[in-house]
Amino acid sequence: MTSEIIRDVALKLFCEQGYENATMRQIANEMGIKAASIYNHYGSKKKIFISIMEYILEKDLNNIIKQFEEVNKDDITCEQVLFHIFRSRILYYRENQYEFKFWNNFSMFPPEEVKDEINKFQYSRRCELYKLYRLSSAKCINEASLSNMTLEVIQKHFSIILQGYLMLVVNYGLELNDDEIYEAWKIIWNGHRNKQ
Amino acid sequence: MTRTNIKEVAIKLFAQKGYDATTMNDIAEGVGIKAAAIYAHFLNKEELFFELVEKISEQVDQALNKSFEPVIRSENYDARQVLYDIFLKSILYFANKKEQFNFWQRVILFPPQVLIDKAGTKYRKTNDYNYKLVSNIFIKGIDDRQIKEGSIKVYIMSYYSLLAGYMAYAFRGLGEKKFNEAEVEKVWNLYWNGLKEGINI
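For the protein sequence lines, the chains are L and U, in the order given.
Every position in the first sequence, counted from 1, becomes a number in this note's numbering once 1288 is added.
Every position in the second sequence, counted from 1, becomes a number in this note's numbering once 785 is added.
Bound conformation, chain L alone (with noise of 0.2 Å):
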């Protein structure tokens, strides 16, 4: 139970204000708790930021697998499977800004200590995410309704459109209703389907 309330607070602490700069002595403060019981569950500044990598790597594709699950059905078409994960990706990640934040920081400006546990992570959540995509995307060759463009010309277009969603939302508090994620989803979608 503290583990884990640590955790959440140096999630938040870790993306405001880098790694380095943050001391295992703010977590506790924060927390009302001394330094030393930190050491206790954690043992390192690092443990925890391994931790908190496990842990949200899992939550999140926990959560897009039970979402592409939910659409995996028979009667529904390839357009609305896609839509249906850039939407849960949006709202999931204006949820839980800070998961966005974490990868999209650390990624960014990877501190050196834990660079190479960044990478792992950066490198299994990216594969696991491709497979996923593809898996969405599998039915749109069956319905033969995309342009002839390759595959993973449209993947990359489609991961680097949401990618820059998520920036906007997470980074600069931009707002969209529902009506304006399908409008923004038919831009992508369209630029697919229109004879090129």
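Please keep in mind that the hints were generated in silico from the structure rather than gathered at the bench.
A hint or two may mislead.
Unchecked claim - Not the full set, but computed from the structure, chain L residues with beta-carbon under 10 Å of chain U: (1) Asn1309; (2) Met1312; (3) Asn1393; (4) Leu1420; (5) Leu1423; (6) Gln1451; (7) Tyr1453; (8) Leu1462; (9) Ile1476.
Said to hold, decoys possible - Cross-link-like lysine to aspartate or glutamate pairs, in silico, EDC-like; alpha carbons within 16 Å at most: (10) U/Lys851 - U/Glu836; (11) L/Lys1427 - L/Glu1358; (12) L/Lys1474 - U/Glu970; (13) U/Lys874 - U/Glu860; (14) L/Lys1474 - U/Glu836; (15) U/Lys802 - L/Glu1304; (16) U/Lys874 - U/Glu970; (17) U/Lys938 - L/Glu1308; (18) L/Lys1444 - U/Glu968; (19) L/Lys1335 - L/Glu1440; (20) L/Lys1474 - L/Glu1367; (21) U/Lys938 - L/Glu1463; (22) L/Lys1347 - L/Glu1292; (23) L/Lys1354 - L/Glu1416; (24) U/Lys883 - U/Glu968; (25) U/Lys802 - L/Glu1400; (26) U/Lys971 - L/Glu1440; (27) U/Lys981 - L/Glu1471; (28) U/Lys933 - L/Glu1471; (29) L/Lys1444 - L/Glu1471; (30) L/Lys1403 - L/Glu1342; (31) U/Lys938 - L/Asp1467; (32) U/Lys802 - L/Glu1308; (33) L/Lys1444 - U/Glu970; (34) U/Lys802 - L/Glu1463; (35) U/Lys830 - U/Glu854; (36) U/Lys938 - L/Glu1468; (37) U/Lys903 - U/Glu836; (38) U/Lys938 - L/Glu1471.
Think of the CB as a built atom: it goes at the ideal place given N, C-alpha and C, for glycine as much as any other residue.
Given the coordinates of chain L, assemble chain U onto it according to the supplied hints.
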């Protein structure tokens, strides 16, 4: 001369370590002068930092936005072409100035408290100005029937998310990926297709 050196070193250090972790001593060491000598040029770290913020936004503004003002004011231009030119030029600008890119990214991702306190309004002004420029292009495109009728806000956001997403993808991390203009164009074409008038299947 020294003033310029100080600024160059400071941009580099703020980009690498962030505002809080960089000290005036670090900067002086980088320039090869005594810390006290910096204070002859800048009152304190905060003043130095804000001068850099001003200088970089000014440069970006001149290189990207201002250079398109005349053509956009002329109202006689191809919206697709101008929008693509701005997009490509923005990417090329930061591809050649990684330090400025990293400096901005740091500021955005880990905003120092002094900036939150002081610069919020000024920032917004530059952003509003850029939005206006891009929104004029979208309106022109709609008038010329190149772009479908739609929410201008969503169009502007879609443009900036493509730009932000692409730069994150192309510039980030360890990968000193070679900049590939053909790839930019491919991604752009997919995007533009989604805006086009009247060819939905």
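Now for the hints, and whether the structure bears them out:
Taken as an interface hint, L/Asn1309 checks out: its beta carbon lies about 6 Å from the nearest beta carbon of chain U, inside 10 Å. A cut of 10 Å between beta carbons decides the hint on L/Met1312: the least distance to chain U is about 17 Å, and the hint is violated. Among the interface hints, the one on L/Asn1393 holds; its C-beta lies about 5 Å from the nearest C-beta in chain U, closer than the 10 Å criterion. At a threshold of 10 Å, the smallest CB-CB gap from L/Leu1420 to chain U is about 18 Å, leaving the interface hint violated.
Of the supplied interface hints, the one on L/Leu1423 is violated, with its beta-carbon coming no nearer than about 21 Å to a beta-carbon of chain U, more than 10 Å. The beta carbon of L/Gln1451 is positioned within 10 Å of a beta carbon in chain U (closest approach about 4 Å), and the interface hint is therefore held. A cut of 10 Å between beta carbons decides the hint on L/Tyr1453: the least distance to chain U is about 4 Å, and the hint holds. At a threshold of 10 Å, the smallest CB-CB gap from L/Leu1462 to chain U is about 6 Å, leaving the interface hint in force.
Interface restraint check: L/Ile1476 against chain U, minimum CB-CB distance 6 Å, threshold 10 Å, status holds. Note on U/Lys851 and U/Glu836: the hinted pairing is violated, with a Cα-Cα distance of about 20 Å set against a maximum of 16 Å. This hinted pair checks out: L/Lys1427 and L/Glu1358 have alpha carbons roughly 15 Å apart, not beyond 16 Å. A distance of roughly 20 Å separates the Cα atoms of L/Lys1474 and U/Glu970; the hinted pair therefore is violated under the 16 Å criterion.
In summary, the hint linking U/Lys874 to U/Glu860 is not supported, as the alpha carbons are separated by about 20 Å, beyond the 16 Å threshold. Using a Cα cut-off of 16 Å, the hinted pair L/Lys1474 and U/Glu836 is violated, with the two alpha carbons roughly 42 Å apart. Between U/Lys802 and L/Glu1304, the direct Cα distance comes to roughly 14 Å. Compliance with the 16 Å bound is thereby established for this hinted pair. Taking the CA atoms of U/Lys874 and U/Glu970, the gap is near 12 Å; set against the 16 Å cutoff, the hint holds.
Under the criterion of a C-alpha separation no larger than 16 Å, the hint pairing U/Lys938 with L/Glu1308 is inconsistent with the structure, at around 38 Å. Restraint check: the Cα-Cα separation between L/Lys1444 and U/Glu968 comes to about 10 Å, which is no more than 16 Å; the hinted pair holds. Among the hinted pairs, L/Lys1335 with L/Glu1440 is inconsistent with the structure: their alpha-carbon atoms are about 36 Å apart, more than 16 Å. With a CA separation close to 10 Å, the supplied pair L/Lys1474 and L/Glu1367 stays within the 16 Å bound.
Annotation: proposed proximity of U/Lys938 to L/Glu1463 holds, straight-line Cα distance about 11 Å (limit 16 Å). Taking the CA atoms of L/Lys1347 and L/Glu1292, the gap is about 14 Å. The hint holds against a cut of 16 Å. Proximity of L/Lys1354 to L/Glu1416 is assessed by CA-CA distance (about 14 Å); at most 16 Å being required, the pair is judged to hold. A C-alpha spacing of about 19 Å is found between U/Lys883 and U/Glu968, which places the hinted pair above 16 Å, so the restraint is violated.
In summary, the hint linking U/Lys802 to L/Glu1400 is supported, as the alpha carbons are separated by about 11 Å, within the 16 Å threshold. For the hint pairing U/Lys971 with L/Glu1440, the CA-to-CA distance comes to about 12 Å; that is within 16 Å, so the pair holds. Taking the CA atoms of U/Lys981 and L/Glu1471, the gap is near 14 Å; set against the 16 Å cutoff, the hint holds. For the given pair, U/Lys933 sits about 12 Å from L/Glu1471 by alpha-carbon distance, which is consistent with the 16 Å threshold.
At roughly 20 Å between alpha-carbon atoms, L/Lys1444 and L/Glu1471 are farther apart than 16 Å, so this suggested pair is violated. The straight-line distance between the Cα atoms of L/Lys1403 and L/Glu1342 is roughly 15 Å, inside the 16 Å bound, and the hint therefore holds. Distance restraint check for U/Lys938 and L/Asp1467: the Cα-Cα separation of roughly 12 Å lies within the 16 Å cut-off, and the hinted pair is therefore satisfied. Restraint check for U/Lys802 and L/Glu1308: the C-alpha separation of about 9 Å stays at or below 16 Å, so the hint holds.
Under the criterion of a C-alpha separation no larger than 16 Å, the hint pairing L/Lys1444 with U/Glu970 is consistent with the structure, at around 13 Å. This hinted pair does not check out: U/Lys802 and L/Glu1463 have alpha carbons roughly 31 Å apart, beyond 16 Å. Restraint check for U/Lys830 and U/Glu854: not satisfied, since their Cα atoms lie roughly 34 Å apart, outside the 16 Å limit. Distance restraint check for U/Lys938 and L/Glu1468: the Cα-Cα separation of roughly 9 Å lies within the 16 Å cut-off, and the hinted pair is therefore satisfied.
Annotation: proposed proximity of U/Lys903 to U/Glu836 holds, straight-line Cα distance about 13 Å (limit 16 Å). Restraint check for U/Lys938 and L/Glu1471: satisfied, since their Cα atoms lie roughly 10 Å apart, inside the 16 Å limit.
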